[in-house]
Structures are given as structure tokens and as C-alpha cells.
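J.: Please model the entire structure based on the sequences and the hints provided.
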Amino acid sequence: MPLLPSYKKNPKGDEESLPLFDADSNEHDNDELPAYPPRLGESSGSTTHNVTYTFVPRWPIKEEQKDALGVLGDTKEETISIVQRAFPILSTYPPNRIEISSFVEIDMPNGNGRTSDERWCMIMDEAWSGFKTNPPKRLRVQIADGPGDEERRIKRERRHTALKITAVLCPVILIWSGLITLAITSDRN
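At the far end of the sequence shown sits residue 189, using full-length UniProt numbering, and the numbering has no gaps.
Treat each hint with caution, since some may be false.
[Stated by the list, open to error] Below 25 Å or equal to it, Euclidean Cα-Cα: the simulated DSS-like pairs (lysine-lysine) are: (1) Lys62 <-> Lys155; (2) Lys137 <-> Lys76; (3) Lys66 <-> Lys8; (4) Lys62 <-> Lys132; (5) Lys132 <-> Lys76; (6) Lys66 <-> Lys76.
Keep in mind the hints are simulated off the structure, nothing from the lab. Computed from a prediction, not measured in an experiment: that's the story for all the values here.
T.: Take a look at the structure:
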């Protein structure tokens with residue numbers, strides 16, 4: 001049977017006798033250390049704003065409308081990367097095809113007074129810096145039309161409208177013609 005190892009105790013050297021932390025120097029440093037969660041009144045230097053992103057797919061994308069709550073990026077590029085993480089289908093498209101628009105209320109004069117009209121408006125590149133102080137609450141995200149997408153979408157919508165009208169009118173015409181045929185055949189008998 002092999003012998004067990006024997007350990008030899010070394011005398012303390014100068015290095016081992018010194019404490020790792022000096023108690024006098026650490027007393028004032030504890031207040032400056034970062035803490036999680038952050039202490040009240042503490043700021044990381046930049047403010048983040050929550051915004052609701054609404055993904056509105058248009059044909060040829062076959063998805064449903066989705067909403068996500070996220071932070072607003074400092075620039076358009078940062079916001080697009082946030083949106084691509086929130087809606088994975090957007091990561092398959094290049095960033096220049098992703099459109100982001102803001103929700104606005106426009107007061108319009110009416111014959112009876114003023115009415116407000118709600119619309120989505122395009123965000124210009126210069127406007128992103130203003131969102132640090134006045135962020136939007138909602139942003140709409142969609143894919144910009146590629147070449148020919150708009151024409152194909154309009155044709156498709158017209159075809160669907162024609163099919164709906166046909167689906168409503170055909171049964172009515174069949175019932176009406178059936179009643180006429182029934183009336184004609186009953187007169188002969």
C-alpha cells in the first residue's frame with residue numbers, strides 16, 4: 001500500500017502576514033461602488049424610454065399583426081436592431097427595407113369645430129435625436145414594398161373583393177333563378 005503524502009508547514013512570510021484589504025482605506029470606497037439594483041437617485045448617464053412596437057405585415061408577408069414592448073434606441077439603426085430581435089421575421093430583411101413610423105394626432109378644423117385625426121407618419125433621420133427628450137409611445141414597423149409589390153398587392157386585394165362579391169351574389173342569383181323556374185313550372189301544371 002502506498003504511503004500517504006506528507007505536508008510540510010512553511011513559516012509565514014512577509015506576504016502572508018499582510019491583510020488583503022486595509023480596513024481604513026475601504027470605509028470611504030463602499031459608497032462609490034456600483035450596486036444592483038441601482039440606488040435611488042443614481043443614474044447610468046443615459047435614460048431609456050419604453051415604446052410599444054406594432055409590426056404590421058403587408059402582403060407578401062404572411063404573418064399576423066404583433067405588438068411588443070421594448071426600449072427605444074438612440075438612433076434609427078439601434079431601433080431597427082431592437083425590432084429585429086423582437087420580431088424575428090424582420091431579421092431576414094435588410095435594415096434599409098424596414099420602415100418605422102410614429103403615431104400622431106392631427107387636429108383638423110371641421111364645420112362644427114375641431115376634430116382629431118389619428119395617423120402614422122414617417123420618421124425623418126433628423127428626428128431620432130429629439131426622441132431622447134420627447135419619445136413616442138407607439139411605433140409602427142413594416143417592410144417597405146419591393147419592386148412591384150404594391151401593384152401585386154392591389155391586384156390581389158381587387159381579386160379578393162371580386163371573390164367576396166361573387167360569393168355573396170351567386171347564392172342570391174341561384175335562389176332567385178330557382179324561384180323563377182319553380183314559378184314557371186308550377187304555372188304549366
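J.: Does each hint hold? Answer for all of them.
T.: Verification of the supplied hints:
{"no.": "1", "hint": "Lys62 <-> Lys155", "verdict": "holds (17 Å)"}
{"no.": "2", "hint": "Lys137 <-> Lys76", "verdict": "holds (16 Å)"}
{"no.": "3", "hint": "Lys66 <-> Lys8", "verdict": "violated (69 Å)"}
{"no.": "4", "hint": "Lys62 <-> Lys132", "verdict": "violated (34 Å)"}
{"no.": "5", "hint": "Lys132 <-> Lys76", "verdict": "holds (12 Å)"}
{"no.": "6", "hint": "Lys66 <-> Lys76", "verdict": "holds (20 Å)"}
In summary, the numbered hints that this structure violates are 3 and 4.
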